[in-house]
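Assembly of the complex is requested from the two constituent chains, each provided in isolation within its own frame, with the hints serving as guidance.
These are the residues of each chain, in order.
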Amino acid sequence: MFAYYLELAFRSLRRSRALTALMILAVALGIGASMTTLTVLHVLSGDPLPERSGSIYMPRMDPRDLSHAEDTKLPVQVTWIDGMRLLKDRRADRQALMVGGTVPVQSDDQAMDPFIEHARYTTADFFPMFAVPFRYGQPWSDAEDESRAHVAVIGADLNARLFGGTNSVGRTIRANGADLRIIGVLDVWRPVPHFYDIYTGSFSGSEGVFVPLSTARALEMGRDGGISCWGEGSTAENEMERASCTWLQYWVQLDSAAHLEAYRRYLDGYAHEQAALGRFQRPQHPEVTGLLAFLEEQKVVPSDVRLQVWLALGFFVVCLVNTVGLMLAKFMRRAGEVGVRRALGASRRSVFAQLLTEAGLIGVAGGVGGLILAWAGLALVRRQPDAFARLAHLDLAMLVATLLLSVIATLIAGLLPAWRACSITPALQLKSQ
Amino acid sequence: MQILPILAALRRHKAGTILIALQIALTLAIVCNALFIVHERVERANRPTGMNESNLIAVQNRYVGAPSTYLPIIRTDIQAIRAMPGVEDAYVTNTYPLRRGGWSLTARTAPDATKGGAQTALYFGDEHTLKTLGVQLIAGRNFTASEVGSFERQESPSPPQVIVTKTLADKLFPNGDALGKVIYYRGGKPSTIIGIVAKLTVPWVDMDFMDSVTIMPLTFNDGGQSFMIRTKPGQQDAVFKSVPKVLFDVNRMRVLPEKYGIRTFETVRANAYEADRGMAILMSVVCGVLLAITAAGIVGLSSFWVGQRRKQIGVRRALGAKRSDILSYFMTENFLIALAGVVVGTMLALGLSQWMFTHFEMKRLSFTYVMVGVVALLGLGQAAVFAPALRASRVSPVEATRSV
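Respectively, the protein sequence lines represent chains A and B. So the first sequence is numbered by our numbering: it starts at 1 and just counts up by one. So the second sequence is numbered by our numbering: it starts at 1 and just counts up by one.
Bound conformation, chain B alone (with noise of 0.2 Å):
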């Protein structure tokens, strides 16, 4: 390969040369910290959650009138649910994974302790809690009908038995042994752990205790409820369309909100990582264009140098090289240009990686996709020159005795 006589007559071109070149740095660079953006939001927004989110319908309910007490109503509701044919099971709660909203205070191992708690999210249920949202159980019981208990506004919630993550048992007791152990909420009064889940998540997408959560037997005396509803397999569409009906017949006086009230797991997952698939859809549309518009400049200066340069072409040929020669030729040359890219490109491309480290708080980028983008610019400068380069084989040897 004669690659001492192309870089001596790239010498005679370096604006364009420098140009490509240029072009392929710049589009690296983006390109690869883009792809990893969209890497990063796919995987944050497919996190599990512990559950098992098939078959899942999540209902917000909203009571309206003052009652003066909103136990009895809530518990006709969550009996016409389960009565529903097609469903599971159901329960009642204050919120749930990937809602957004709910509430969280410190579990402490001793009731005076102003240390060594753990911060952790409170989902209120049942008995039927974990069969309806699949979560599973590694040690100790579930809860029984009759520990089942109901709490007022005015009350900070504390029930006798607790069930908790693992995640929440290992921080507040590390040598495994949380299982029958005492642990305070607020107000003094001590909770004990009947029972550890392998996993389950807290309601929000952002938090430093992701998965610490405690489940209480409790029922909250308040207007505001989510119900959870396990429909049985092929049964969710039915279960979803007759859902308001079965609420409305039983009482009117309720507000089920437009967007919000009844939500399949696979539309609250989805509500929950909007702006994350947003931003990976958006990364992905820019990577193709970019890489497009490159070709298309590839295509465009590579063309124009053909042009300029059929005469040359003509001369050689004439002298004997063969139309592979010439093929060989152009492709050699856009690789040595998109070599020369790719090596500045990748610098820009580590460089733009720790700017937005520092100034967007995100991961380093991982070499493996500045090595993917570096093979995909390369194969796609290829790609782009071989029209070009092969129109430029074309040449017949009798251009060399035209001018130009």
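Isolated chain A, as found in the complex (with noise of 0.2 Å):
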């Protein structure tokens, strides 16, 4: 029976050809529109560690003096004195202490031009704490934190770009004007938002070369991202290890509850003790943040792109609107086959039936059409220069939910028109033949 439905729906929606190509049309606009924006804001608001999200945490308290008593909210980052002593206390399951930067690079292949590259100085446990895979080598120790030794890790860009992607564990790099020896390489590892320092950009790639914090500071290294001072704080640079300023990402593992509910308890504690030395002089209400939490707080997603969602869904239901005005005029021309129809026995739900397989005929039709459109859209959007962009693919979850969605949308604009063209009564019709 649905064979039949389908061919009589083929043969309606070839008689005029002008409507269906308009209702196609404006169906494949407002889903390809739709789909388009929605997989952005799917990609920019993704999970950066999938596995791990739950179990990674942002410790914040408030170093502070009174001299901006308005600002209430906790700062996310913190001072060399405060993430020295939170690492050395070694209360999580892992923890790291980080800043990014920028250095001029170059390989021990001296033919080459240097470059500028984004660079990340942390400690040890970045590595094992945020799952980063490896394709050669492995992390640095903390021995190495210690000694300030001249090691580096680079990114799998960086190995291609220098090395051709062979395996360059031993050789050395010149960063900064400084020889490190390549202890390890990553595999291709870019986790989106890049949400361990947003101040280098909320959807920057990861960086392509890693040094330890200690080796970076001892060498000078260009430092980016953001710092807020109070008090004497000063952003010169040899004071920056003093400075009453937060300059540094913080980050810990807590891998059960008991261990989140206890290092809150240690971390109110350490603000507390702060307090009372009067290093601290705002009232402490330090908080462990939870990654996703953290995203969200920050508000990572550019309302830009929040709004063009809305705008697309908004163009969406005027596509659909429009579409069940045209269905309704097609439906209706055919007001004296469907008496003819329901004359010589067809019930009335055979014949909405019938409607309703037409409408999801266009749906599936619109459904492709909005899909070309939305692969068109993301390679358009692709080409925009803003970080973000290049992340935009459609998947498969979202090729199948925008056919669904077309589907289904389509089906809903067909209800009224098919419901009005089935309850004409048959007799009407055949008289006025």
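Not one of these hints is a red herring.
Calculated pairs, DSS-like style, for lysine-lysine (alpha carbon to alpha carbon, straight line, at most 30 Å):
| hint | chain 1 | residue 1 | chain 2 | residue 2 |
| --- | --- | --- | --- | --- |
| 1 | A | Lys-299 | B | Lys-363 |
| 2 | A | Lys-73 | B | Lys-171 |
| 3 | A | Lys-73 | B | Lys-363 |
| 4 | B | Lys-259 | A | Lys-299 |
| 5 | B | Lys-166 | B | Lys-232 |
Hint data in this document are derived by calculation from the structure and do not stem from the laboratory.
Structure below.
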């Protein structure tokens, strides 16, 4: 029966080509715009560490003085003094203190022109804590952090650029004029958003050079990112270890609720101890913020992207209303045919089913058109220079969702026209013929 | 005009009427809000910086290697640039308007005050800065060559003389007597305001202290520098092309980043407002497509109605109605539907604007946009219905005797 309805639908759609094309185009445009924007939103609001995010936390406290008392939000970075103390106390399952920067890089092949590369200066736990995949070699150890060893881990892209993707462990790179021995090469790793340091670009890629924090400080490597000072805090580079400024990111891994609770108590104790010493002047309400809650709080997804999604959905609704109107015109024009079929014994239900099949067919065609438009739309988005735009791809889930959404939306749009058409009294139609 | 009979007839095809009106209402709501966003973004992307932006080139340079001091290299570079044919003037700085990255701190009127300061962006420069940027000095004087100094990474910048923008001067000294007064940046050392410029914006595009800038006669002894170059009229392209060669001939130990190494100021501006321009283009396209879809929908439904009513039209014609009567019937019918649509649409548009105001920190829609949208949609409806109405007016009176 369905096959017969499908054939009827095909014929009917072929009969008024302009109207059919208009309906399909409207559905396709609505679907295409919605799916393009939704895909971008989906990519941007993703979980950067799907297997880990539940156990990654940012300890936060308020080391500031009373001069900006109106700002009650907890800082998202720590001072060197606090970061080092928390790091050395080792109360979490894993912990890492870090800051971003940029360095001029050269390979040991002197013929190559130097270029600028994003770097991260961090401590040993960074790699196991964020489950960073290695292709060759391994991360450095705590001992290398301590001894300010001249070692580096490099990213997959940098390895390809400098060494043609071969195993470069044991070779050296010149970063900021210093020779560093490569001890590890990462596999492709691109957490989105760039959660561990939102100041160096929320959607920038992962860094190319990783250097022990102590080494980078000793070698005076260029530091980037947010910095916030109070009191006598100065941004003078050689003061940074003592300055009353927050400029480092500190993350911990806590594997169970019990560890989380224990860490909360520890951090509370630390903050109140610092307050008692007079270092912290404000009332202390330290917090251990989960990774996903942190992304939510920081509004990492640009509001323009959300606005675009709403706009596209509004656009889709207009397209659907338009389709309802056109379908109504189309179905009502066939009142005569429906009358004859009803008079010949077709039940109201079967006429309804047949008209809905036609609507569904428009939905499928519109969905396919929408997919093509979304694909083209995303290709356009990827040409944008924004750092995040390159990430926007249609995955299988979005593909299926697009088709389903299109068919379901068009079926709903077809309900009113189909119901109106099949509630025509057959006798009235036959008489007027 | 027979409005009452039209309304009576419309009651017979309620569904179609409501659908067209609804579509017009939704389109109006979206289009006037979208156009408002376009207007806001375009206005933002055209905000002046206070500089003469034509014939200006920005070079972002990073030295490689670790010399004990960068100052002689920087000086050699800037002299080589000034000696280029086609170059009017040039200077070296840390940052410039629309670069989206820089240095800001609080300027205060007393050395130990904790309150009452003003946030300001810092631009390092020398006696060539004002001429290169083309900013207008409205009080005081320019720096002299002997006043230009340097500072190290471990020092806080606080030279004896500074030039500030009028906005900053007025914020610190509301009486308008800022010239010659002493202010304090970090470190407690006094700086005297020797000049005031009319306007110069900070390096960022979203700040609450947009026009609050200090120019300091200092060179930052650091591996990362920006060169600002003013070219003679008509020489911009030639200078743009030859800058890298001149710089690399002076010294190979440098990096000019691929995308941001050398930019004309037009490019700097375009890059800074890329997202806004993208949003404006997107919104315009959406408006265009929405209007087209709405027009197509009106054409489709009106054609259907004309087809459905051929017999009635024939009867009216046979009873003496002129072609123009039929034409005006359909035009009026559409006008009434569109009118209902824009009334509902105006309310929707204002509601939508209110919602965006609370959720997206946007300004409230100005009523002009709603009026423009209303006129546009009424016009669009009339244009869309014209072809079907014309076809209706050509229905011959003979149709009255035919069956459907």
